[in-house]
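One line per chain: the protein sequences are F and U, in this order.
Residue numbering for the first sequence is 128 to 244, as defined by the numbering used here.
Residue numbering for the second sequence is 421 to 531, as defined by the numbering used here.
Everything labelled a hint here was simulated from the structure, so no lab data went into it.
No experiment lies behind these values; they were computed from the predicted model shown.
Heads up, the beta-carbon is just placed ideally off N, CA and C, and yes, glycines get one too.
Heads up, some of the hints might be wrong.
[What the hints assert, rightly or not] Not close to chain F: a few residues of chain U, all C-beta gaps over 12 Å, as computed:
(1) 437
(2) 440
(3) 446
(4) 473
(5) 479
(6) 487
(7) 488
(8) 502
[What the hints assert, rightly or not] Cross-link-like lysine-lysine pairs, in silico, DSBU-like; alpha carbons within 30 Å at most:
(9) 198/F to 182/F
(10) 182/F to 518/U
(11) 198/F to 465/U
(12) 518/U to 184/F
(13) 130/F to 465/U
(14) 198/F to 518/U
(15) 180/F to 145/F
[Claimed, not checked] A few chain U residues facing chain F, derived, Cβ under 10 Å:
(16) 469
(17) 517
(18) 518
(19) 521
(20) 524
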Amino acid sequence: DVKVTQSSRYLVKRTGEKVFLECVQDMDHENMFWYRQDPGLGLRLIYFSYDVKMKEKGDIPEGYSVSREKKERFSLILESASTNQTSMYLCASSLGFGVDNPYNEQFFGPGTRLTVL
Amino acid sequence: RKEVEQDPGPFNVPEGATVAFNCTYSNSASQSFFWYRQDCRKEPKLLMSVYSSGNEDGRFTAQLNRASQYISLLIRDSKLSDSATYLCVVIHGGATNKLIFGTGTLLAVQP
Chain F
128 DVKVTQSSRY LVKRTGEKVF LECVQDMDHE NMFWYRQDPG LGLRLIYFSY
178 DVKMKEKGDI PEGYSVSREK KERFSLILES ASTNQTSMYL CASSLGFGVD
228 NPYNEQFFGP GTRLTVL
Chain U
421 RKEVEQDPGP FNVPEGATVA FNCTYSNSAS QSFFWYRQDC RKEPKLLMSV
471 YSSGNEDGRF TAQLNRASQY ISLLIRDSKL SDSATYLCVV IHGGATNKLI
521 FGTGTLLAVQ P
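Starting from the given sequences, assemble the full structure and let the hints guide the process.
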């Protein structure tokens, strides 16, 4: 079974703090993704990476950065946390990527619920 | 207009009922379609892919209507364990290849 783990289930931070969210997958997947999930808005893609040291902006990258130094690990960084970044953050990985790729199923981690005060 | 739209529900149905969800997508270039399931306070998991010819997996049937730009999920003989949020997911293809998630439809199966 694919396992995607995230460093924390719950996190409380102060406005202005730098926040690191870590994600690790154990199935040698090429592609990794960071989403946030908010009521009424669904999952929105923040950043994704299709290879080590490669990153692509998703739909809402502002206020976030990412790092992928190793294939199994994808980190999301909030440079200066703000209250509007209070959300559920979900990491995912997939072997393949894109239309008609038979391996594009995304496997999600359990999520990190971040509260910024 | 959202790229992927779903009725948020909740759909409250008795055990054994048949329930159907629809999902509409706005981009006619969309090429791949999925249903994910998300239990309360859990992560989303793939339920099934949706193929042009329609596909069935046990009590679950998914269909795609490209002309009207919607996909559907039919659940027969609902079980209590089917209670969850069902997320419609679309890939546009082309330069993006990103998954676009709907906001989900909440199903509550009552005993």
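Which of the stated hints cannot be reconciled with the structure, identified by number in ascending sequence? No hint contradicted; all consistent.
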